[in-house]
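Peer 1: Residue-level listing of the chains:
Number of protein chains: 2
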Amino acid sequence: MHKLSTLDMTHILLSLGAMLALGRLLAELARKLNQPAVIGEIFAGIILGPTLLGSMFPDAVWFLRPTGESRLVMNGFTNIAIVLYLLVAGMDVDLKKVVRQGKTASYVGFMGVLFPFVMGYAAVMIFPNYLGYHIGVDKTVFALFFATALSISALPVIAKTLMDLNYYRTDVGMVIMTSAIFNDIVGWIIFSIILGRIGGADSMGLPVALVVLVVLLFTVLMLTVGRMAINKVLPRILAYASWPGGVLGFAVSLGLLCAAFTEWVGIHAVFGAFMAGVALGDSEHMRKRTKETLDQFVSFIFAPLFFVGIGLKVNLFENFDPLLTLVVILLAFVGKVAGCGIGARLGGMPARESLAVGFGMNARGAMEIILALLALEHGLIGEKMFVSLVIMALTTSVVSGPMMQLVLKSKRKRQIGDYLVGRAFVSHLKSSDVSGAVREMSDALAPVCGLDPREVESAVIEREKIVPTGLGFGVAIPHAKVKGMKAPAIGVAISRGGVDFNSADGLPAHLIFMILTPEDDLTSQVEILSELSRMIKNHELCERMKNARSHTELLGLLRTKEI
Amino acid sequence: MHKLSTLDMTHILLSLGAMLALGRLLAELARKLNQPAVIGEIFAGIILGPTLLGSMFPDAVWFLRPTGESRLVMNGFTNIAIVLYLLVAGMDVDLKKVVRQGKTASYVGFMGVLFPFVMGYAAVMIFPNYLGYHIGVDKTVFALFFATALSISALPVIAKTLMDLNYYRTDVGMVIMTSAIFNDIVGWIIFSIILGRIGGADSMGLPVALVVLVVLLFTVLMLTVGRMAINKVLPRILAYASWPGGVLGFAVSLGLLCAAFTEWVGIHAVFGAFMAGVALGDSEHMRKRTKETLDQFVSFIFAPLFFVGIGLKVNLFENFDPLLTLVVILLAFVGKVAGCGIGARLGGMPARESLAVGFGMNARGAMEIILALLALEHGLIGEKMFVSLVIMALTTSVVSGPMMQLVLKSKRKRQIGDYLVGRAFVSHLKSSDVSGAVREMSDALAPVCGLDPREVESAVIEREKIVPTGLGFGVAIPHAKVKGMKAPAIGVAISRGGVDFNSADGLPAHLIFMILTPEDDLTSQVEILSELSRMIKNHELCERMKNARSHTELLGLLRTKEI
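Chains as they are written, first to last, in the numbering used here: chain A, 6 to 568; chain B, 6 to 568.
Chain A extracted, bound-state conformation:
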């Protein structure tokens, strides 16, 4: 009987646990530096794998590079992880937007694929040796792969970046999203065919033309009949099956079965899962909550294991070829930014927005890495090319957001939590009247911001005289615009006895936010005040905040908006 020994299981559990823990830690670090999480996760793999720990303590990391049985299991686990990741990514696609943004998006999508594709193909044909082409691989297949690698986009990274920057619902954002979807679909079809060709020995072994036909048929069927069938079936599942188990089971098993089908036909499993996701996500009956559950579990548990695994596979330093990497990055930037930028201009967008679209589409992120890894595993590319592609994927992703911001001259969206000053937290306010409370809070907040406490105090009191800032429900929000500040700052105080801020409901305030904003910042104050007004409608959360014992606890409550 084939089964795993205790030692194998220990290896597997330990590896998974360590990968997840360090991956998460470094992902958080990346986030603090305004970088995508995936960069931290890959670094965790680099640290745990042959690049760093492996070369320092070859014996100590036995558990992280399992051999034989446990290696197979890890391989199967990460394969299923990618399949589920693509299922979730597919669910984020909004087909209605794809149709609505019609003209511009099709220009961007078309040029954004064509330009880098032609460039990549030509580059391999003209100087194959510079690009790590090695004898034994079909040159056309290699050129096709490299062309695809340059023309792919990373839908999840792009969507995440647009959300973070608050561009998701703007014109630029919509065009980018729609084009990226088109890009994704075309790119994956081409790549899946390439993969099917090279790894085709044990697949169905159909002729290329037939595979393309089957893929197109599958795509069309999923987007028409499949989509409609799902939209018919989902309400029945919601009405008669258990909630949310019915929908979850249906979505995941559909994704797995479609993945099995495309894998069997000879294109990669991820394509089937992605198309299943698109068809599922499009249904009006797909509840947000279900998407969230799948998304959170897959994005935070499965996907990290896959990306940490990338760093475990190769020695990134040993296989780092500076020249090759530079060439790949250059080709990637020029091809994508120029292609998409020109497409956007042709589609009628202004020059500045067109350039932003180019940089937005340039992010390759996770998709490029999945693609490179599959190519590596199938022997299509060498380890040097793999490392170059990974570095290219990271570079394009990291640069994407900041470049869009630079071009569009806009600011990252911030939340109240970002302005909270930890050292200005007053856990027991002594005063029981407004002027005393404001004085105490000014004394705590002003020095941290490099301001004069008395100036802050009088500014807040002046404002308080115009209209009292008691919001009701035991919350008050004294505030003022202050000269010489660079960014907003919020100090919080908790009063056990309560301070009468003259609120409409007559209740004394136990939770007081003092909000200071720069004199020339016209929007922050309004944004902060309206976010706080929304927040106090959650009475349970407010009650819990009034009993917070530390800045950390309060911040946790504010950020998760849940008790």
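Any given hint might turn out to be false.
Identical copies carry no separate label here, and so any pair may be met within one copy or between two of them.
Claimed, not checked - Below, simulated DSSO-like cross-link-like pairs (lysine-lysine); rule was C-alpha separation at most 27 angstroms, straight line:
id: 1; residue 1: Lys37; residue 2: Lys435
id: 2; residue 1: Lys296; residue 2: Lys542
id: 3; residue 1: Lys551; residue 2: Lys293
id: 4; residue 1: Lys488; residue 2: Lys318
id: 5; residue 1: Lys237; residue 2: Lys296
Hints are computed from structural coordinates only; laboratory data are not their basis.
With chain A's structure known, arrange chain B on it following the hints.
Peer 2: Leaving out everything else, chain B in the frame of chain A:
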């Protein structure tokens, strides 16, 4: 390089997809018959596996009984599934309740373990051959296993049953939950030690006494230092890490690492995961939403794969031994119901409640099956004993809820959706006045319930005269108590033009619920009306319901309470 072929991946994906789909389908069927989902899942395995399809079409089911590479991966996958399942089960434990229910629960817990344990041990020692004991296994170890198998309880099944029956927060419910927790912990420690002994060849190979010491130390540390440390760390993660990725990553990696530790020491991985879950779930900073995400994904995706896999492993019909099964079921019932019942009496509970506690604790469910499967895989028991234990687990679980209801003479909690009559759905109400609307709805609803439409109509109109039933927000709830009904019935009508039901906000009703309750049923009407009043506060949901095109769509919206 160890990697999976295309064919292997196709097998794995197809198997997982088919298992999940059929498992879910039969779980829903089981639910309709008021049975636990796990029964449906195991039946799915019986159908797909050697018992049914396998013996009918030995060649056609190759993909469901993978060999070699893909079998190993499936094995690893289900192992990780149990570890995560126990992590989530641990999170449901409420340590404060364990302490609060002190006296009674400790009697029940103690007697509920001692009684069946002694009985099981004695039974093996007195007539070993009847119980499938076979030479080659240490008789003491076998007796210890069987004793443990009889004394274990299934926390998740018990919690689920109590919730379903609305007993969770009653005295009986609390005592049962607390005792079950005690039971679980003691049972798993004993069983883990047994497992460690028999599968000990490739584990650490520590002496038994040392293992017990390490386990106790681990348990005590997790419940004291570990618990406090987690409670300190969690607020920081909430405040500074991404949400909910930070907590999810932390919880799962902690579970995996603890599992690796206990597996390495020589007791089973599930114990470490369970204790990590208990320590995590106890923290006041663990958000409900995070537990839900983990719970839903693990319960509906991972756990079903494991339980379907049980049916795939053995031929249940071929290995069914009626006498052995009967003996096992008898011993299980007598030991547990008597033990716990006596314990509850000693703890001061009335006779009727004591008996209910006995039946409540009797459910073995998933836990027993996990335990039996591990024993089977380690060669401790044969396939016949395995089948008997599985049937015993199912029988005790199925009987538990109904017996408690019978003993306590209470009713299952029902929701509005359960009373909705599909055939009485009126998608386009023609009338625009109250009397016409009530007439149309009575015509639709009364015949289905075997009532006279005119009688229903006049009863509702009479009620309407006393106080108009327009709730506001475009919803009206005409209702009446009707002679000769057995159970409440609700008919829904949607009016595009609106009907003036004299609501306080003056808006006409577009969504009308007509509620008929039996004349002698004093509580149902109040419950239904208050549930509907709560519901209409969700304005978005109401708007969506007003546009429902069918009964199915409306029911789906009502049940998921989300759009």
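Peer 1: Which of the stated hints cannot be reconciled with the structure, identified by number in ascending sequence?
Peer 2: Failing hints, ascending: 1 and 4.
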